[in-house]
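Please build the complex by placing chain B on the supplied structure of chain A, with the hints as guidance.
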Amino acid sequence: MTSVILKTATRLVGALVLVLSIYLLWRGHHAPGGGFIAALVAATGFALVVLAEGPGVVRRGLRIRPQYLIGAGLALSMGAGLVGMIRQQPFLTGVWWPSTSAVAGTPLFFDTGVFLVVLGAILTVLLALEES
Amino acid sequence: MKEHPAHDPSTIYWPGRLSALLPLLLFIGAAFQVPEIQKNGALAMAFDWVPSLNVRFDVVLDGLSLLFVLIITGIGFLVTIYADAYLAGHRQINRFFVYLQSFLLSMVGLVLSNNLILLFVFWELTTLFSFLLIGFQNESATARDSARQALLVTGGGGLLLLVGILLIGDVTGTYAISELQGHTERLHRDARYLPILICLLAGAFTKSAQFPFHFWLPNAMAAPTPVSAFLHSATMVKAGIYLLARLHPIMGGTTAWMTTLVVVGAVTALWGAVVAMAKTDLKSVLAHTTIMALGIMTMFLGGRTTPALTAAITFLLVHALYKSSLFMVVGSIDHQTGTRELAEIGGIGRRMPFTAAAALMAALSMAGFPLFLGFIGKEIMYKGALTEDVFPGLATTAALLSNALMAAVAATVALRPFWGRETPKALTAREAPWAIWFGPLVVGAIGLGFGLIPDWVSRWLVEPAVRAFHATGEDITLKLFYGFNYPLLLSVITMTLGAVFYLARQWLRRTLVRFLTAVPMTMEKVYDGGVKATLAIAKWQTRRLQNGSLFQYLTVIIGTTVIGVGGALLHAGTIRVGWSGPPVPVWLGLLLVCMLVGIGIVVRTRSRLLAICGLGVIGTGMAVIFLTYGAPDVGLTQLLVETLTLIFAAIVLLRLPPIERHHRPGFSRMALSLLVAVGSGALVTGLMMAVQHTEVDRTITAFYEQASYLKAHGRNIVNVILVDFRSLDTLGEIIVVAASALSALALIRGKRSSS
Chain A
805 MTSVILKTAT RLVGALVLVL SIYLLWRGHH APGGGFIAAL VAATGFALVV LAEGPGVVRR
865 GLRIRPQYLI GAGLALSMGA GLVGMIRQQP FLTGVWWPST SAVAGTPLFF DTGVFLVVLG
925 AILTVLLALE ES
Chain B
1145 MKEHPAHDPS TIYWPGRLSA LLPLLLFIGA AFQVPEIQKN GALAMAFDWV PSLNVRFDVV
1205 LDGLSLLFVL IITGIGFLVT IYADAYLAGH RQINRFFVYL QSFLLSMVGL VLSNNLILLF
1265 VFWELTTLFS FLLIGFQNES ATARDSARQA LLVTGGGGLL LLVGILLIGD VTGTYAISEL
1325 QGHTERLHRD ARYLPILICL LAGAFTKSAQ FPFHFWLPNA MAAPTPVSAF LHSATMVKAG
1385 IYLLARLHPI MGGTTAWMTT LVVVGAVTAL WGAVVAMAKT DLKSVLAHTT IMALGIMTMF
1445 LGGRTTPALT AAITFLLVHA LYKSSLFMVV GSIDHQTGTR ELAEIGGIGR RMPFTAAAAL
1505 MAALSMAGFP LFLGFIGKEI MYKGALTEDV FPGLATTAAL LSNALMAAVA ATVALRPFWG
1565 RETPKALTAR EAPWAIWFGP LVVGAIGLGF GLIPDWVSRW LVEPAVRAFH ATGEDITLKL
1625 FYGFNYPLLL SVITMTLGAV FYLARQWLRR TLVRFLTAVP MTMEKVYDGG VKATLAIAKW
1685 QTRRLQNGSL FQYLTVIIGT TVIGVGGALL HAGTIRVGWS GPPVPVWLGL LLVCMLVGIG
1745 IVVRTRSRLL AICGLGVIGT GMAVIFLTYG APDVGLTQLL VETLTLIFAA IVLLRLPPIE
1805 RHHRPGFSRM ALSLLVAVGS GALVTGLMMA VQHTEVDRTI TAFYEQASYL KAHGRNIVNV
1865 ILVDFRSLDT LGEIIVVAAS ALSALALIRG KRSSS
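Protein chains in written order, with our numbering: chain A, 805 to 936; chain B, 1145 to 1899.
No wet-lab data here; the hints were simulated from the structure. Hints are not guaranteed to be accurate.
On the chain A side, residues computed to face chain B include the following (Cβ under 7 Å) [to be verified]:
hint	residue
1	G832
2	I841
3	A847
4	A851
5	I874
6	V921
7	V922
8	L933
A few chain A positions that, by computed beta-carbon distances, are all more than 12 Å from chain B [said to hold, decoys possible]:
hint	residue
9	L822
10	I826
11	L866
By construction, the Cβ of each residue, glycine as well, lies at the ideal position given by its N, Cα and C atoms.
Chain A on its own, in the form it takes in the complex (with noise of 0.2 Å):
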């Protein structure tokens, strides 16, 4: 497709979505959202570039293939779980700082672990039935 409209608007529209993504990641612990909805947000923002510009241009921005998102989700998100572990505690036991006023936790690398492995598998599939 070489639509100079969607060209265009794809600038604008896709960094939008991205951001969105990012803030719905954020927010998901207190109100709709999370990582598994801020993966499937960007995702679509990706896929809109990638119907725009085609899969080169995601690759080239991404910098790094996006099977190794998978990876680094899926690392990160035991991370999370093994610091409960260094405390004495089950593993994936949610650790929070402060411990009483609770502005960061564990649970939020849980959660962009989740982002990341999601992303990443969607981009991995789309990109590859793209070029096939």
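Chain B alone, transformed into the frame defined by chain A:
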């Protein structure tokens, strides 16, 4: 049959060489325990492993284990040095040593285990590493087939062994071998004694290549020669013998035990000896003599008298020494001349003096010449055979004939290649590097040395080993000369017969080959037939179940769900048609109409683009319904999944050719689709209505509402459940996501490269 494909100068050799330290250190460590074991009987060590299953990491070093450990590590050390030179230049040589030393450790673990479950774990490990070692030349189809055969035969026996072990645990309540000796009476009287015995013997017989499971062992000679020298003569095949000895005080002594072991052992011994005479490939000859030796040991473990059991253990030591030496000798002949065919090798003794010396010593021990340990082994064997409780005649005859044939084979293997006229292949032969003749020479010399000090051998090695599984007050000593008695007379007959067999070997071989080709049914053919039948069944069912028709898959999957779940629902009888929620607003009704139109479009259209749009209408409608009824997370997810599905469907479907008229499904297919679709719709509706009318336990909801913010600091309960309360589930799910993405990638790429 050279066994090195390609020389690769980049290969690093020191790890393999260095790994020789492992068996050496173990050997030295074990050797230092000899006086202690001789005096006190056993050393023990234990800690809990799986306490809930009554499995302890429980090791005991007694006389029997010690003898095995010394054989395993001692020969293991020499074989490692040998293999390092033998396989020099092989590009996977380091992998070889990983397998070899892992096998060695599994074998040591096997003979040290005092817990039957632990023993089984090591037992299976030896099977696995044997598989890897036989199939080491993995470019060769023969090696792969032989490895698979060994794995299936010994692995199948291993499974039966596990059943036997579990039954023993069920009868006695313990898996500890040392405790089981107190339960002998109960085991013997239990109705399950016979099934247990059959299972245990199946394990031991498959591992130790007893008739009729013997056929895998000659095929296992596809392995590199160091493997044959180590696994398939000295160690792994002796695991079955070890098990029989270990279980002797627990399961042995009954008529069933004695009859089975003596008969199977005698048949195996005779069969092995006869086939060995008929073979011309040196390695194959040795493989069959190994079968014969294992049969002899089994036969003597069937007895319960002290001489019989002493004969089994003595012969075990004798055989381990001469057979590993002979295998290594055959390996060096193969290595230096490039052939193992008897007819092609002759007169290489002058060119390979050290190898010849090693062969001579090993062969003299094998033939049972005086002054060699083999002679003492033969004497005690006859003494044992004459005292057997059951079938002493059969045992004596089998031992006599086997030994005579053995003497003839020994002469053939050790004399023919080294002495006599030089064959063309021999002219280019040179002595192998020292590492290749060192091992066989040392082991051969030990066979001679031990023969000169039999009382020392019996006091430190044989007696503690026999006493470990046979409580007796009788004296256990080996002597060079017992005086003029029946065993000596039988020895003389053996030697005479052996000489006759040797002189008549050509005629004997022809006759035996004719006899063997006339045998109509062999276990190997049964095995091959079984493998073929299994593959045929697998192919048939794959063709039936996975025929590539997506329509059929979906019909089966959805149909099964509808019938299974729907049947259960009808059986429970709780469906009440009706709507108990708030009244449905008019605009939602309009939405439903829209979705119905979407369905109609999907079903009827001939344009893929329209079909995709129709699907989008349905999915979006669903998302709106979710949002309306207070499930924003689900609604949002549905909307996004719908969007992405559309994109994927667009990418894939738009590349397909348009739906043409003749591609439209026929009437019966349409009817079936309709049935499945209406059925699944009715099922989901029925389920929803059933849920509406069921009392839901609110305590879980209440817990999450309470704990979500207080304990997990989050107000979005759905998300808190996903990333905190049930995060292990989520972790499992993202692993599935990762795996399916990578599989999809492989499928897409595979498709591309094949087209």
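Comparing the hints with the structure gives:
This hint holds: G832/A has a C-beta 5 Å from the nearest C-beta of chain B, less than the 7 Å allowed. Evaluation of the I841/A hint against chain B yields a held restraint, the C-beta minimum of about 5 Å falling below 7 Å. Using the Cβ-Cβ criterion of 7 Å, the hint placing A847/A at the interface with chain B is satisfied: the shortest such distance is roughly 6 Å. Among the interface hints, the one on A851/A holds; its C-beta lies about 5 Å from the nearest C-beta in chain B, closer than the 7 Å criterion.
Given the 7 Å rule on beta carbons, the hint for I874/A holds: about 5 Å separates it from the nearest Cβ of chain B. Because the closest C-beta pair between V921/A and chain B is about 4 Å apart, less than 7 Å, the hint holds. Because the beta carbon of V922/A sits about 6 Å from the nearest beta carbon in chain B, less than 7 Å, this interface hint is met. About 5 Å separates the beta-carbon of L933/A from the nearest beta-carbon of chain B, less than 7 Å, and the hint is met.
Against the 12 Å criterion, L822/A stays outside the reach of chain B, whose nearest CB is about 14 Å from its own CB. No beta-carbon of chain B is positioned within 12 Å of the beta-carbon of I826/A; the least distance is around 15 Å. Non-interface call for L866/A relative to chain B: holds, since the shortest CB-CB distance, roughly 15 Å, exceeds 12 Å.
Violated hints for the displayed structure: none, as all numbered hints are satisfied.
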